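Number of protein chains: 4
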Amino acid sequence: MRSMVPDYLADALADVEPDTSGALADYIPELAAADPGRLGAAFATVDGEVYGAGDVDVELTIQSISKPFAYALALADRGFDAVLAKVGVEPSGEAFNEISLEPATGRPRNPMINAGAITTHALAGVAGLGPAGRVERVLDGLSAFAGRRLRVDEGVCASELEHAHRNLAIGHLLRSHGVLTEDPDAVVEGYTRQCSVLVTTRDLALMAATLANRGVNPRTGERVVPEPVVRQVLSVMATCGMYDAAGDWATQVGIPAKSGVAGGLIGALPGQIGIATFSPRLDQHGNSVRGVSLFGRFSADMGLHVMEVPPPALGVVRAHTVVGSGAEAVRVVQLQGGLGFAALERVVREVAATDMPETTVALDLSTVYSVDDVARRMLLEVVRRLTLDGHDVHLVDPEVLVPAPDPGDGGRVTVVGSVDDVLAARRHRAAESGAVR
Amino acid sequence: MRSMVPDYLADALADVEPDTSGALADYIPELAAADPGRLGAAFATVDGEVYGAGDVDVELTIQSISKPFAYALALADRGFDAVLAKVGVEPSGEAFNEISLEPATGRPRNPMINAGAITTHALAGVAGLGPAGRVERVLDGLSAFAGRRLRVDEGVCASELEHAHRNLAIGHLLRSHGVLTEDPDAVVEGYTRQCSVLVTTRDLALMAATLANRGVNPRTGERVVPEPVVRQVLSVMATCGMYDAAGDWATQVGIPAKSGVAGGLIGALPGQIGIATFSPRLDQHGNSVRGVSLFGRFSADMGLHVMEVPPPALGVVRAHTVVGSGAEAVRVVQLQGGLGFAALERVVREVAATDMPETTVALDLSTVYSVDDVARRMLLEVVRRLTLDGHDVHLVDPEVLVPAPDPGDGGRVTVVGSVDDVLAARRHRAAESGAVR
Amino acid sequence: MRSMVPDYLADALADVEPDTSGALADYIPELAAADPGRLGAAFATVDGEVYGAGDVDVELTIQSISKPFAYALALADRGFDAVLAKVGVEPSGEAFNEISLEPATGRPRNPMINAGAITTHALAGVAGLGPAGRVERVLDGLSAFAGRRLRVDEGVCASELEHAHRNLAIGHLLRSHGVLTEDPDAVVEGYTRQCSVLVTTRDLALMAATLANRGVNPRTGERVVPEPVVRQVLSVMATCGMYDAAGDWATQVGIPAKSGVAGGLIGALPGQIGIATFSPRLDQHGNSVRGVSLFGRFSADMGLHVMEVPPPALGVVRAHTVVGSGAEAVRVVQLQGGLGFAALERVVREVAATDMPETTVALDLSTVYSVDDVARRMLLEVVRRLTLDGHDVHLVDPEVLVPAPDPGDGGRVTVVGSVDDVLAARRHRAAESGAVR
Amino acid sequence: MRSMVPDYLADALADVEPDTSGALADYIPELAAADPGRLGAAFATVDGEVYGAGDVDVELTIQSISKPFAYALALADRGFDAVLAKVGVEPSGEAFNEISLEPATGRPRNPMINAGAITTHALAGVAGLGPAGRVERVLDGLSAFAGRRLRVDEGVCASELEHAHRNLAIGHLLRSHGVLTEDPDAVVEGYTRQCSVLVTTRDLALMAATLANRGVNPRTGERVVPEPVVRQVLSVMATCGMYDAAGDWATQVGIPAKSGVAGGLIGALPGQIGIATFSPRLDQHGNSVRGVSLFGRFSADMGLHVMEVPPPALGVVRAHTVVGSGAEAVRVVQLQGGLGFAALERVVREVAATDMPETTVALDLSTVYSVDDVARRMLLEVVRRLTLDGHDVHLVDPEVLVPAPDPGDGGRVTVVGSVDDVLAARRHRAAESGAVR
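Protein chains in written order, with the UniProt record's numbering: chain A, 1 to 437; chain B, 1 to 437; chain C, 1 to 437; chain D, 1 to 437.
Just so you know, not all the hints are guaranteed correct.
[As the list claims (entries may be wrong)] If you want the footprint, here are the derived chain A segments under chain B, 3+ residues with CB under 8 Å:
no.	region
1	44–54
2	195–207
3	229–237
4	241–249
5	290–304
6	328–339
7	376–383
[Claimed, not checked] Ranges between beta-carbon positions, derived for each pair:
no.	chain 1	residue 1	chain 2	residue 2	range
8	D	D406	C	D406	46 to 54 Å
9	B	T105	A	A353	51 to 59 Å
10	A	D183	B	T354	55 to 63 Å
11	D	F80	C	P310	19 to 27 Å
It is worth saying that the hints were derived from the structure and are not from the lab. From a predicted model like this one, the values you see are computed outputs, not experimental measurements. Even glycine gets a Cβ: it sits at the ideal position worked out from N, Cα and C.
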């Protein structure tokens, strides 16, 4: 069978191709000379598969799409407190190049506007690193997100530097507020190099997939940034990534995203997928016209909106039975699906509501396929409370979803590979017990 | 076993209780006279269980928490286009009572600031409804969200009306821009009645759970608003619900939420839970101090952040085997967990990568516990493509997760209750085939 | 001889008549139905002569031109402190209908924008006056400025009230800040009546002339407001009268002015003239197109710019002679022109630099035509110091420009009608002295 | 006699000396180290007399007081159109260091805020001048205003440059809008040099007096800038010179003024006087605390407010008589005072209202002390119209206030030195006439 995913992507591109509205960025000759007809889209899964259609191997400059990644690096390198002290997280409701500093402190409102991104660049790498070191750190970091060595387009970079007056203004303003403490010219130059990194749409999809995959590049397996950083970055992308169209995007597309002036656009859906598109003509917000259309279609077709209410699942308690009778009776609670707080709450509720004369209780995870942290803790508390109620608790966990379970404080649990093991053990004990008696 | 959820809630309340920072709203005597020590929290699950601790049955006025619900009603009653033409969805980065109209059109930036909420109130109910009818519609709608008949606190309402100068200013401004076309005094009065509805923390949790449950009240089973409305409302709560603290909330708590000046605070996590807290002292943003603390704790403890990357799941393909041999051989692909785009992509990839000499292919959903819309479509496309490749495709779907499957256009599928049914059928056919030969 | 002033006015009107650019105000039918071709201009001198050309007797509604006059009445009725506590004097750089309140206090930035004018209306008359009393007070006051009984155009007023949403918004906002303490609906209605007063261009010129004439109507002789009020009003007109075109006006025209949406425009040049024009088509700032042209022309042709440096005057000391000799010698310092600080400084300097052996000194004001307050004080100080130096000082003041001169503290002066009187007196005394000796 | 002006100044200083409120500017060490007790005030008359009291010979850096003078130089060097295309004239209602650019064009709102002053610096000198040339031009120009060679305080300049981040930000922003077309670093450096020029309070008074004296330095007699430039500069000082306190200043003091962060403050009253004060402690607007007090006192004591309505003058027509009778009768209209439009209007009115059987009319200017341009033109028109009415017109103008009078188009006038000359001439002609008869 041939996969339908490439077909889907190709169909989607064909649908948006006729739309030639929007205009190229033209503030530097290199962008103004781009081929406006370029069109590409790629999906990268969290296990590293990449699907592409169209111009996914054509290089473009990353531009503002570097912002969330550099923010991730700064958070990883300096810690949350140091970064939040310098750059806020509030949506500004303003265009990308608005200066938008908080009146009293001069702190940029968020890392997605230029003021915030310039400040963020200065926070990449360990404190005290010089300008060259910072650029190196950012280039290394972006490369790690992409899973291959990236390089700067020196021609674009030089041209951007010649037109960097507004960013230089922002840099000096940040310096005047003490938000920047370095030479603003050098920081702006470094930021400009960051924006001039060349990537393909395929790279961008993998970079987004690294965010979707908790900070681990799904191809190289490298942990690029820690998990809490990813959550922060995705949250900021969700509220501030699309500038003054943030609300439209959040309601209609609902995928944490970031666009670049060269026509790139990425989206990352936590745990699921990284998406990238490339089409250079921009709308009045500075976002790729056809990229926005494609994301709208992807979101609708694939149910990728973060506020999409998931479909009603089958009950987490797949079966609740008593096997055997008398002293050999074993109560088996078979769970299924992905276990989180909501699922465990139902387990707890069912267990709490049940009168359990049986000594042995088996919690069967053999048809469970994931257990998150809170579910693990609640499950162990169920074990502990059942122990305290006098039960002999078994955890059927053939896939080791709950490694080394420790219910703590009076709890006790026996881990087995199947319900049959529980029954066998129970029979054995009943026999012993009978022999003794 | 006793459930640990009430214990957890009680512990959480005990932790935040000593915090007496913040101040009561004092613009009307009724709010200034509230008991500042009130403290309560409730969880409502999407199947209608409500856990509460503290003052969850004390009545408070709903105030701004009515905004997302009234917005939902307006969207349901008038349709998206009519409402979006009058009220935007962009975060304003401003305080709740900022006027924040779009300069050219006078359209309020979003429905969570007062200007947007006043406009939204005017859009509740069918067009042409008078002021009294609108209030009735809103009261009915809020009651449906809560699952019981709510009523207005006439004393608070009268007092609010005496201090409604700013809202009246906003109303007249909206009227001057033609955003409101009705008498602004009447609209503001209606809006004030809406804000004066009495609710308990328990009610609020159920209202939030109705949003989390795709618009269906989990207790009464009533569909209050359609699903697309819920997605819109949650998206807007996520970006604009906490006023000028929206970014902090989005990064740190990550639960679509709304606060009210009487000390209420709700959060709704799609598909999972509705949460409500009550504590009247407010921070400088107008949000309940202890409510904000509680939500931070709930989010961290229970992994409720919308950008929380879910834990790595076991592979969607639980087993991929060939049963039998020769003409009787059946290829069985056993899936597990919740199926969405990402899961199906892996199924597609595995199927596409496999050389399948067997005529009969069984897609086994018996350990699957949910199938979303895109997964269903992709699954059917897999069926169709396998049919076109010459396979005889069976869907093992004992729980009827894919009702009436129609792969369309050349596809064909046999639905059975177990893999054994497939094998039996295959054996039968092989026998027939042998007999014929 | 026929005066050339009417010819000049007629020529000016003829020059601007072909300009049909701009547009009628159209927010109410009455203004939209105005005859756009109307054109008139009038000059009123500070002694009450009125020159007019064109439609100077056609009635128009006064609209915003009422603002400086109502401000004058409020200052007169309540005092500076009470008014300044409620309305600022800073130019806002904003359009007439911008809300422009000071962020913390809600105080409107100045009395020429609507927010300030509405507040000002509420401050007209003694405190505690009801709405009807305030309107009566304002109507009486405007009538006193015009020198005839004015009346409200009830049709326009009713129509304005139907479209007063923005002003009502402002009123409620002011009420919410406690800037207004009355019912804002009533204040806005009163303000609307104030704006609906009917005037002719001739009236407007006389109203402006009353300001130019230190607050005394030059026709009726009635003191409408005290002098310090006039200075305040003219200052505010100079900086805030032309809204967001204030700077252009201040540099190019330089006459304190105020425009109205019905096409009126007034200017008042302190001590010189009141000017009014009428032409209903407005520019984008809301100022009469042809009115602005006419004022530009008047200012340039007649040197009316307040920053126009006056022509170099002949020296204030017309002659400085010694008449007679010996004991009969009298030193005569003959002054000329208008005496102010700068003139007196030169007198002082000359007197201080002169060695004066003569006992008798005559300060001759017979060719002086005005003496301001500081000049009077300095002149008396010269007298005092000369007395203390042993001189016998005479003031020749046939026109009684310095009534009842009191040099104080050791000074002494003899007032006479001519230098001859001094000489005669001196001769007489010398004779007496000789007789005694 | 000793002049009372120095006494007045000394008294004024003594009155404000105890006020030690306010704070030194502290953004550079040099300003923070200033002696806060310094206090000085100087008056410079338009004929070059300078009165000083206190620290009038202590050097301070000119700082923002250079702004109006550099603006004057730019207007003189480049013309109004070129300068107005780059810098507006609207008050911004904002603090001195607000960026305040017009949104669309990036044009600074006025030349008194830093953005406008930086732009203005770049417009000094002929186009194409390099940075050094511009600084030289400004230094020459400031020196010409002061009447002595000024120099830069290199220490202050270097220190300012180290803290010029905000100005550099503004410079780059202006460059990004194309308002600046030069290297912004160089322009800001030049501007900083301009602000670091050392002056004394005495210098500042003379610089102000040069503005008051129509652009001619009253000491050196050098015309520094043309008259129309002075009017523009004074107008902009009047509306924008005191930043966000512009309205307070305009109403309470009413003297076009400019303050500097080193504690200097100047005011120029057209045709009258230049004033400067020096006291380094600043209020929250950045204006010298004691300087503001002193100006308030000077304005009140000396009637220097530009909106001060001048005192009622004696009638411009001092006498209107007929001398002689019959054929020898001569109508003599004796004028007095300073003649402007308002005065001439009355002359015209009187002449127009008078039935004049006499052939000979004498307009007697012997007690007039100034005639402005419009008065001259009106006077000549009176002459022309009287000629056309058949009169034989004489102008008695002993001081040559109307040189080379040309009434044009049918008018004719005989200039004489005294009324006696007219009478003599008339008698002579009557005699001739009689002889003929």
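Consistency of the hints with the structure:
1. 44–54: holds (count 4)
2. 195–207: Violated, because only 0 residues of the region 195–207 of chain A bring their Cβ atoms closer than 8 Å to Cβ atoms of chain B.
3. 229–237: holds (count 6)
4. 241–249: Our answer is that it holds, as 5 residues pass the Cβ test (under 8 Å) against chain B, meeting three.
5. 290–304: holds (count 4)
6. 328–339: Holds: 3 residues of the region 328–339 of chain A have a Cβ under 8 Å from chain B.
7. 376–383: That given contact holds, which follows from 3 residues of the region 376–383 of chain A lying within Cβ reach (below 8 Å) of chain B.
8. D:D406 - C:D406: 46 to 54 Å: 50 Å, holds
9. B:T105 - A:A353: 51 to 59 Å: Given a distance of about 55 Å, which is inside 51 to 59 Å, the answer is holds.
10. A:D183 - B:T354: 55 to 63 Å: With Cβ atoms ~59 Å apart, the hint holds.
11. D:F80 - C:P310: 19 to 27 Å: Cβ of F80 of chain D to Cβ of P310 of chain C: about 22 Å, so the range 19 to 27 Å holds.
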